[in-house]
Structure formats: C-alpha cells, structure tokens
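Visitor: Chains as they are written, first to last, in this note's numbering: chain A, 1 to 398; chain B, 399 to 676.
Treat the hints with care, since some could be wrong.
Claimed, not checked - Derived contacts from chain B toward chain A, CB cut-off under 10 Å, selection only:
| # | residue |
| --- | --- |
| 1 | R666 |
| 2 | F672 |
| 3 | D674 |
Note that these hints are calculated values from the structure, not bench results. C-beta atoms are modelled at their ideal positions from N, C-alpha and C, and glycine is treated no differently.
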Amino acid sequence: MDRIELDRVSKRYVLGEQRNAREALGAAARRLLRGEREEIRELWSLRDVSFTVGDGEALGVVGRNGAGKSTILKILAGITEPTLGVSRTRGRVAALLEVGTGFHPELTGRENVYFNGAILGMTRRDIVARFDRIVEFAGTERFLDTPIKRYSTGMQLRLGFAVAAHLEPDVLVVDEILAVGDAEFQRKCIGRIAAAGQEGRTVVFVSHDLETLATICRRSVWLEAGRVRGSGPTADIVRRYLGSGLSAPGAQWTPLRSGPVTVGNVRVLAADGRAGTALLRDEPVRVEVDFSLDEEVRGLVVNVFVTTGRGITVLDLFADRSSLERVGPGRYCAQVTIPPVLNAGDYALGLWMGSAHEKFIDERAAVSFALDGAAPDDAEGLLVLDLPFTVRPLPEHR
Amino acid sequence: MRRTDTSAEWVDNAPGSRARTPAWTELWQARELVGFFALRDLTSRYKQAALGAAWVLVQPLATVAAFTLVFDELAGIASQGIPYPLFALTGLVTWTYFSSAVSRASSVLVGDSSLITKVYFPRIAAPVGALLPPVVDLAVSLALVVVFMLHYAVQPSWRLLAVPVWLLLLVLTAGAVALWLSAVNVRYRDVQHAIAPLLQLWLFLSPVAYPSTLLSGWQELAFALNPLTGVIGLGRWSLLGAPWPGWSLAVSTATVALLLIGGVRYFRRAARGFADVI
Numbered sequence: 001m002d003r004i005e006l007d008r009v010s011k012r013y014v015l016g017e018q019r020n021a022r023e024a025l026g027a028a029a030r031r032l033l034r035g036e037r038e039e040i041r042e043l044w045s046l047r048d049v050s051f052t053v054g055d056g057e058a059l060g061v062v063g064r065n066g067a068g069k070s071t072i073l074k075i076l077a078g079i080t081e082p083t084l085g086v087s088r089t090r091g092r093v094a095a096l097l098e099v100g101t102g103f104h105p106e107l108t109g110r111e112n113v114y115f116n117g118a119i120l121g122m123t124r125r126d127i128v129a130r131f132d133r134i135v136e137f138a139g140t141e142r143f144l145d146t147p148i149k150r151y152s153t154g155m156q157l158r159l160g161f162a163v164a165a166h167l168e169p170d171v172l173v174v175d176e177i178l179a180v181g182d183a184e185f186q187r188k189c190i191g192r193i194a195a196a197g198q199e200g201r202t203v204v205f206v207s208h209d210l211e212t213l214a215t216i217c218r219r220s221v222w223l224e225a226g227r228v229r230g231s232g233p234t235a236d237i238v239r240r241y242l243g244s245g246l247s248a249p250g251a252q253w254t255p256l257r258s259g260p261v262t263v264g265n266v267r268v269l270a271a272d273g274r275a276g277t278a279l280l281r282d283e284p285v286r287v288e289v290d291f292s293l294d295e296e297v298r299g300l301v302v303n304v305f306v307t308t309g310r311g312i313t314v315l316d317l318f319a320d321r322s323s324l325e326r327v328g329p330g331r332y333c334a335q336v337t338i339p340p341v342l343n344a345g346d347y348a349l350g351l352w353m354g355s356a357h358e359k360f361i362d363e364r365a366a367v368s369f370a371l372d373g374a375a376p377d378d379a380e381g382l383l384v385l386d387l388p389f390t391v392r393p394l395p396e397h398r
Numbered sequence: 399m400r401r402t403d404t405s406a407e408w409v410d411n412a413p414g415s416r417a418r419t420p421a422w423t424e425l426w427q428a429r430e431l432v433g434f435f436a437l438r439d440l441t442s443r444y445k446q447a448a449l450g451a452a453w454v455l456v457q458p459l460a461t462v463a464a465f466t467l468v469f470d471e472l473a474g475i476a477s478q479g480i481p482y483p484l485f486a487l488t489g490l491v492t493w494t495y496f497s498s499a500v501s502r503a504s505s506v507l508v509g510d511s512s513l514i515t516k517v518y519f520p521r522i523a524a525p526v527g528a529l530l531p532p533v534v535d536l537a538v539s540l541a542l543v544v545v546f547m548l549h550y551a552v553q554p555s556w557r558l559l560a561v562p563v564w565l566l567l568l569v570l571t572a573g574a575v576a577l578w579l580s581a582v583n584v585r586y587r588d589v590q591h592a593i594a595p596l597l598q599l600w601l602f603l604s605p606v607a608y609p610s611t612l613l614s615g616w617q618e619l620a621f622a623l624n625p626l627t628g629v630i631g632l633g634r635w636s637l638l639g640a641p642w643p644g645w646s647l648a649v650s651t652a653t654v655a656l657l658l659i660g661g662v663r664y665f666r667r668a669a670r671g672f673a674d675v676i
C-alpha cells in the first residue's frame, strides 16, 4: 500500500513579481493605457514529476541546487500547491524544513514547546503526553522556565529538533536540517530519522550528504532541472548522479551563479596542465576553479572536495584563509594540486564557496573524473600511499 | 512494531484542493492552534513589563482626558444625556479593541515568514488567534467603565444582557476587516505602512468622541455603513442606557456580514499562494 503518490506534478514560479502596490498599480496602468504586455518571466521548478513511496519506505531525493528538491518537499507538506498535477499523501504528514519554527524569544522553553508542537500539527494532548520525553531528548530540563532568548543557539536547535522528533507522523518529510548544529547533534538527528524508518514510518529525505542518504534510504530519486532524471536503488542513483558532473564529456558547462559569486569553470587536469589527457593514479592532479566576484567578499571560503562513486568524501581541501579575508570584485582562479594518493577509480569533485556567514555555492558533483592505472599489487583501499612497510626477522626463540 | 495508522484517508494537494474544505470545518479543526496563537501573543506581550496589564488602562484614560477637554469643555458636544467622560470611555474601549485587533491580526502572518514558508497549518488560524488577546484588554478596560459608572451613578439595567451580543459583533467586525488586510499584507507590505494612518482616520469617522445623532438624512445613512457606528451604538445602549441605535445598527450589521463573507473567501483564495509570494 502506498503512502505518497505524485502524479505529473508541476510547479511554476513567476519571477520578479511586483513587490509593492505602487509597482502593481503602475503595471496595471501601463497595460490599460498603452496596451503594453508585461513580460512575465516564469520558472518551472518542477515538471511532470511522478513517483510513489510505499508504506514504511524511505526515499532519498538527490539533485543539484535548484533542481526542485525543496519544492517537492513543500508540496508534500502542503505548504504550497502544485500548478498542475496532484500530490497525494495518506495519514499524518510532518515536515521538518526548519528547526524551531515559530519559536518566540521572549517565551520560555516550555511555552515554545507547546506552540511549536501545535504548529507542527500536534494536539494539546499529544504534547502533554510527550512533553517529558521531548525535554529529556533535548537535555534542557534545567532551563524549561527560562526565556529561550537566553538559550545558546545549540540549545535552541536541540529543543526545536526534540519537538519535531516526537511528532510520530505516518509520513516524515525532512530537508537538510542536518546541515546545522555540531557533529553530536547531527548524529542524534540522523539516528532519529533512521529510527523513524525502522518504526515503519514513511520517510522522504533530501540531503547533500550522500553517505547519510545511502544509510537511511534504500531507494532514491534524482532530480535535474525539475524533472526526474532517474530513480532506483540509492547506490546506483548516487553513482550516476556523481558521475554526471557538470562538465562531463559532452555536457555543456553552465556557469553557477549565487550571490556575488559566478563560477565560470571547474577543471581537473593532469599536472602538466594539458586538457584532454587521461589522469593517472600515480601522478599529481591539478584542480582549477575560475570564478568572479561582483562585490567585495569578507572571509571568502573556497573549498573543493573529492567524493568516491559511493558518496564518501575522501579529501576536503580549503584555500588558505589568511589571503581571503577581504577579496575585492574581479576575476580569479583558485588552484590546488592533489598529490598521487587516491586509488584508481571514478570520483566527483565538489565545490563549496561562501563567506563567514553565507553559503553561495554547494555543488557535490561539479566535475566528475576518473583516475586510470591500477595500484601496485592491486591494492583495494581508497588511498594508496608509498609507506615504508617491511618485514624483519625476529631473534629466534629458544 | 507498527505504530502508523494504516486506515488513514488519502489527502490531495492539487490546484485549489484546500479551498474545497468548508471554512468553518477548517477553523474548527484548527481551534487548538487558534488558542495557541492567542496564548503566544498574550504571554509574550507583557513579559518584562513591570506593570503588566495595567498598561491597558493608560491609553484610554489619557485619551478620555484629552477628548473631555476638547469635545466637552471647549466644543460642548451633546452626549446623549450621558456624562461625557463615561460616554467617550465606552466608545474608546470599543475602538481600542477594534484597532489593536485589526493591527495585530493583519501583521501576524508577515511577522514571522518562516511560519508560512516552512510549515503548513490552516493559515486562517493565525489572524483569528490574534483577535483574542485584545479581548483580555477589553475586559480589563470594562472594569474601568464600571468604575466610571459608579462614579457618575449610572444605573445598569436589563440591557446588560445584550453585552455578549455586542462583544460578538465587535469581534466579528474586527475579524472581517483583519482578514482582508492580512491577506493583502502578505503580498503587498504597503498595508503595514498604511494601517496606522488608516486607523487614525477611521477613529475620527466613527462615533467615538461624539454621538452619531449629530448627523441626519443621507449623511447618517452613509455614516451607518461604517460597521463601528452600529457596534458603538449597541455598546452604549447596552451599558449606559443610550437611545436604541435602530436602523443604523441594522445597516452596520449587514456591512459586517458582507465584509466577513467576502473576507473569508478572499483570505482562503489568497492563502493558496501565500508561500509563493511572501
């Protein structure tokens, strides 16, 4: 029996819609007086998306920024309507798109638990019955009657997640809430989502963290530009998704734009810098990122990471921060050379760019590449290092 | 262990599907949430205010003093045979409820936009919940009216039985106006800036500081179209024994009914797109 059915769901957003009444009146007047037709710029965030999720199944959703992942979640949660098509769900749906929605800084932890629970769809009786468990899970018993404006950010997050974790819905829809909080908190969140799956709840999970996705969801859907590009066992989908790098052979590189940053190109080259040659396992590999800034960025972070076909990140490299405290507008090329440590195989190169406070670019699979040539002795590890490894005879036992 | 409900019904999310649930069903299902919205507003408002709810009395007292000076002492306006300060205070507590309920209810949705973009709940619960906290203020101010009545030795009568009707009409009036304004506010933030001058103008167009009987003929009819004319008239009749507002109450009530039905429809239609335009 299914829990979720999406039947040819499409969602259109109208871009640049008038923000205030003056502009709206102005546009209406122009239409009336001069017969001008407003140019409506629209964006189809989803196009003919269909899939079903069975009772008790956990489905992962992968895709690049802007592929329509969040829109799917919002439609499943009922926050927004599809423009065309039907999304159907059976039973109580709880959506975790944000932790602590509606928290009021002046109210105490106790008062906020009640309001947040109610807004997430719990009845007063539900909340009363689960109150002690929620507070214990959050570990904030001592501060129950303190206004949460005095809580640390971490405590607020824990309390918010604790409420959401006790919703006990039939269908749980989770966005990348795991991107916030410390490692301990993230482990707790993932554990809770996995537990929901084991309790027989239906889970739809969106994440950039492909390792976690693979542990929680047996099946995944891959979205690209609002359409379903593939669906099937998570391991297959992740491999195909990572292998599809934006500049994969034959694919057109489209500049990534977000905030002040435009990424013109991302290249993975042999150490001699010649494009088009095969990359060898036992030679260094050079990564180049061309980008430009529209305005000065303080504390720019440029981060590239290498992910295996199974979604495990093996290298995570950051550009030297001391030279990036203030970066003015202009064109730049970031460059790093990776020594020959990786084993032969298929990899994806990810790119993360941001400032101290903001994320601009987060692309798990900016480029895919393969390293050819087997490791000595056909070693199977992810890393191949030439370490002194000898066997010496021990003095004979008498 | 299976804990999920396997017998649950399918719920559709398709273009316009939410609008097919009758408004009253939706509101009834969300009644607890309405209460939580009201409670959140009420508890957060007077935190860290040492005098707490006593502030509720300061505003009408100050305004009554000013009105008495201008309209009674200087202009000498007739106040339907009721001592002027008591006459003005009754109008003012009615007005204060209306203006604070309308301004709160119309801004509650845009005050915290993640309520709309990150979670689904029947949207109508938010403005409806915002109508309730000012009722508490109104109850406190009515105690002040009683003190004034004792002072001026105004005898209460059986007409007091109509107070609940007056209260209901007052809340419905505020709700009708607030539903329109809150829905428009999500799309056009101009409402937030327009609401203060709008309410100021409305105050002087309503019979708060003067009786509606100052007018006659078509002016009186036009005046009655303002829903507050009937509400304030009914309040003064019920509490102070002022003349029965008669047909002006009927006209005002009809206006409220039309505004309310239209407001509920407009709000629910607009609510479908709230998350896309906020």
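Visitor: Indicate, hint by hint, whether the structure satisfies it.
Guide: Status of each hint after checking the structure:
no., hint, in the structure
1, R666, "violated, 12 Å"
2, F672, "holds, 8 Å"
3, D674, "holds, 6 Å"
Hint violations for this structure: number 1 only, all remaining hints satisfied.
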